[in-house]
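Participant: Here's the letter readout for the chains.
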Amino acid sequence: MILELNIDNKHDCKVELLKREENLITFKVDDTIYETDIVKVTEGVYSIVVGSKSFNIEIFRGENNKSYEVKTYQHTYKVDIIDAEAKYLQNRTKGLDDESGIVISTPMPGKVIKILVKAGDSVKEDQTVIIVEAMKMQSEYKVKKDRIIKEIKVKEGDTVAANQPLIIVE
Amino acid sequence: MILELNIDNKHDCKVELLKREENLITFKVDDTIYETDIVKVTEGVYSIVVGSKSFNIEIFRGENNKSYEVKTYQHTYKVDIIDAEAKYLQNRTKGLDDESGIVISTPMPGKVIKILVKAGDSVKEDQTVIIVEAMKMQSEYKVKKDRIIKEIKVKEGDTVAANQPLIIVE
Amino acid sequence: MIKKILIANRGEIAVRIMRTCRELGIPIVAVYSEVDRPSMHVRYAEEVYCIGPSPSSESYLVIDKIIEAAKKTGADAIHPGYGFLSENAAFSERCKKEGIIFIGPDAYAIATMGDKITARKTMLKAGVPVVPGTTESITDENKAIEIVKEIGVPVMIKASAGGGGKGMRLVKKMEDVIPSVRAAQSEAKAAFGNDAVYIEKYIASPHHIEFQILADKHGNTIHLFERECSVQRRHQKVIEETPSCLLTPEVRKKMGEIAVTAAKAVKYHGAGTIEFIVDNDLNFYFLEMNTRLQVEHTVTERVVGVDLVKEQINIANGLPLTLKQENLFQDGHSIQCRIYAEDTDNNFMPCPGIIRHVREPHGFGIRIDGYVFEGFEIPIYYDPLIAKLIVWGKTRDEAIKRMKRALYEYKITGIKTSIKFLERIMDAKDFVSGKYNTHFIENNEVFLFESRADNNFQRDIAAMVAYFDYQSQRGKNDIAEDLNPAVSEWKSYGRKTSMMRL
Amino acid sequence: MIKKILIANRGEIAVRIMRTCRELGIPIVAVYSEVDRPSMHVRYAEEVYCIGPSPSSESYLVIDKIIEAAKKTGADAIHPGYGFLSENAAFSERCKKEGIIFIGPDAYAIATMGDKITARKTMLKAGVPVVPGTTESITDENKAIEIVKEIGVPVMIKASAGGGGKGMRLVKKMEDVIPSVRAAQSEAKAAFGNDAVYIEKYIASPHHIEFQILADKHGNTIHLFERECSVQRRHQKVIEETPSCLLTPEVRKKMGEIAVTAAKAVKYHGAGTIEFIVDNDLNFYFLEMNTRLQVEHTVTERVVGVDLVKEQINIANGLPLTLKQENLFQDGHSIQCRIYAEDTDNNFMPCPGIIRHVREPHGFGIRIDGYVFEGFEIPIYYDPLIAKLIVWGKTRDEAIKRMKRALYEYKITGIKTSIKFLERIMDAKDFVSGKYNTHFIENNEVFLFESRADNNFQRDIAAMVAYFDYQSQRGKNDIAEDLNPAVSEWKSYGRKTSMMRL
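Chains as they are written, first to last, in the working numbering: chain A, 1 to 170; chain B, 1001 to 1170; chain C, 2001 to 2502; chain D, 3001 to 3502.
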């Protein structure tokens, strides 16, 4: 089975399992063929040997089970599995964005310290709309262009998750 | 629901969950009532607080999911859940033992180094019948009484699991 | 003698203090906020007490709740750790009134050193050199101009109650003096409720070097040499080491003596730290005193061979110091890296979250003081420090190489950490040569933050492992019957792989 | 200079050696048997080579396979670790012939010290005291009787090629001499293929004390003081410490000098250990030399501050020692506990199996050299040593307390280990007082093996947790809707529990 993968939001590649005999697996990644010896050593950790090169790989599966954090020795890669469903969702989400407005959210969990706008407000480019605190550090979130505040989905004092929609602007 | 538990193969006790509000649980163990605060901190590890006493408990579920190794600060307890099925199996196994003979096995995995008897042999009390090696240490297994060898289920050089039947005597 | 110690803290420092208490055979009480229920300090202690909701303002910072916990559990002493109530004079005083031993200095020493202007005055009086500047808070703006003329630009305007870089302004031109004073005052007012600011000469290539002090209640005060803490980001220390590459034996001796003088000037007892600012010509000035245990006390412990928490407890018990200045020496070199849950590529933004997998470094010369474990969710309410990695080497060179090795072994998945960034610092020429000051990170921005080239081979490895895990999760198995025999069929491991290169 | 090192070993020692190689920037090659495919040393190395089936006789002990691995991977040096091929003279010689640097002594030193009779003769000639007895193997049984008469019973009959207690007999009465010689000969023949045995005076309260040696290829030989290794079970060390409580500074100095003499007598280079037997009156006798790194080299590293593997590599590179005897000293006290996978209540029977959960001790003065991890299955083929726990304290008392604390923190589930047994040793009066000899474990049997009283409360705690886990597994939930919110609802932790005592 061939899977399409995206790495670090820039490299696309196709991976195929060509042959397998227990833990010995032949993969094809784009046009390169690799004979590997791959074992899961414990939850979230794989050991893969290619030729005589050994890699201890730690992985973490994101919430949808399709987005991976993959740690090799030198790098941490973000690997996304691009299957039909993912493509469909990708397109659908894009659509939603366009129709329903732009979502302001934070990359980390935290606590809403201050909301500086209310629904219906017009805000200027670079104006701060919300302040979120995590671990003793406050971050201000601004709009990048002149916008109108459509909806405020949280209130001051709320604990919010990473990527949770806080404010919708249009 | 009341469960019967056996601890260290000697103490029987009955445990009942009386009340629960999220992680606050009231248990009844035999005639004692405990108000506890119990949380799973990670796979195989629980933190339980009773009054102001805190216990960090590490557990390991045996293969049938009913036999536990439970580590408190001072002790490692063997805890067995005695449900109807377990009782039935217990009786059935006892029966089997009586009918089909006595099983010689080792408590640890290892490798069969030498088998000193063959089927049909008569052996004397304390006579060694098999030698198994694990981690550079050889252990000799003997019969406790005069017996007749009924069946030999392994051969020299075999790798054997813990508690795997090696020789059946009668 | 102390019978039971309540640790009024959380995280790595709570666990670190408990370890020493356990070694001394003293029972401990852990206190915790709601979110900290599954935290390591609660798991470590045999007696625990919940002190309220998760925000520290409603739990770890509430004096009444800490005192109540001590009373209820029968603790006769409190160790405050660092942060939270550790430098709160009112808390020290309250403990005294309640008949509880506060493991730290008395309110007088905390208050005197806590207000920077008072501290400066006290130090000047004791003959301790301070950075040239004002000893009173600025009330007259014209006076401010006069003073700046006297000491010369550049100067720093600093909040008297300040800390963490708040209420601070660097002034390079005379015309900026008045606007900067006003800005600093209003920022100080907002942050600390106190708008007092003062003026100090700005040191151009400053080194942040501090001395560890121990003082008993019988007038014996010693120092345990210096720590070099110049690697900082956003005024927070990232890496600390001892000995400092900058100091000569003569300057070290002199600074140590001055540090002892400074501590004596406030009748200090307990463990404390005198922070100095040192310029390239080895002129040194008193900066401030931290009247508590420092995050970086570990490097001193390693090279001097003294358990500082044990000394704190002995001092609190009224015992005289058994350590003598003339017997102390620095053996080898120690470096500490702070492992933060943060995104170093995104302005060091904190990264709370759930730890998925941890693999810690081990072996000769490695110490870890941490508190997280697999499955633990780092709360959003507190400091992003998750562990301290301390190494020792016979020489500084050996210590740096050991630190690189240890950082290489250290793997944490699930959240972003500063581990890779710290590895780069260990490779930075200025750090390796030991020639760095507090501008180190900005001076080495290009090297520290540039993205390292990856390569196709590594990327393909990552892709294959992700593919394998994804298919295993879905139970897909393409060719063989079981795509993931690894878990069940241990015996089949280790077939020799083909040596054919592709 | 060495460009790439192959580590011809597995387990904790392979990982320990790799750590130093990494610090030195020398690439490494791990070799592994089939069962070791997921082992830590294979995960640690960036280059690996499979050397065959799991039994060590078909992999780690096969000289040809190790040499092949080195050739194929371009390794120009081999570190043998301890055990396996580390004291195999033929292997050292073979490496030399193949142009590979053997990180250890040459065949002559290994062979001379490897045969106990030859070693005794060589030592006697060099003026090193040996236990009174024969210098030739026993061929004439009447001669044996004569010798025993001369030195007096009790005596030990020992196999010349012996080790690990095999081919050894204690003789207390004259009439047992001949039967014991015969029994020892046949056992030695079976175990080592060599029936040569010799006779030694039996030391009644023996202390096993050894000296660490370093010798370069330029004739510089130094010692790094002693290790006390008298806590043994089945002739295997369990706990090691340094300094020894028994030695006086004078005896220490003298033994160190004799140890250097012993090493020089075989033109030794590399790291080695001279084992002595010492009686209560501080008479000491050469016992044997281990011509390799010891399991317990770690305690020496800690108090002397030297990375012994680094020294081994430097010596192998032909570099002169930079350490000088007169600059070395012992700083504080270090103790090592060996954590075995074994059932200490069942005659120390090895316990291979799968590690389910590991929680390691950390903090000041703690070092762990191990190799297992969660999910790892300890193979049945090799040694049951899974980790070494090393502590340091300023004093022996501090070190013991720290060790107790560390053992308390150390949790391994899934297999039986010696951790609890080691904790008891730390509580044993004879150990704490430092007055113990190699009979320690048998002399303290009652204390070490008696079953500790448990109590109803603890048993009930265990029962409740088992109940909770069992029901969670089955998805049972009695009253609330979700019996195990702990995993998902982190936010709801930490409600204050009722303080009502039941």
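If you're looking for bench data, these hints aren't it; they were derived computationally from the structure.
Keep in mind that the hints are not guaranteed to be accurate.
[What the hints assert, rightly or not] Restraint ranges, calculated between C-beta atoms of paired labels, are given here:
1) B:Asn1064 x C:Asp2345: 42 to 50 Å
2) B:Ile1082 x C:Gly2475: 44 to 52 Å
3) A:Asp12 x D:Gln3236: 42 to 50 Å
[As the list claims (entries may be wrong)] Dumping the calculated DSSO-like pairs for lysine-lysine here, alpha-carbon to alpha-carbon at most 27 Å:
4) D:Lys3237 x D:Lys3253
5) D:Lys3394 x C:Lys2310
6) C:Lys2149 x C:Lys2166
7) C:Lys2217 x D:Lys3394
Just so you know, these numbers come straight off a predicted model, no measurement behind them.
For every residue, glycine included, the Cβ atom is placed at its ideal position computed from N, Cα and C.
Participant: Which of the stated hints cannot be reconciled with the structure, identified by number in ascending sequence?
Facilitator: Numbers 2 and 3, in rising order.
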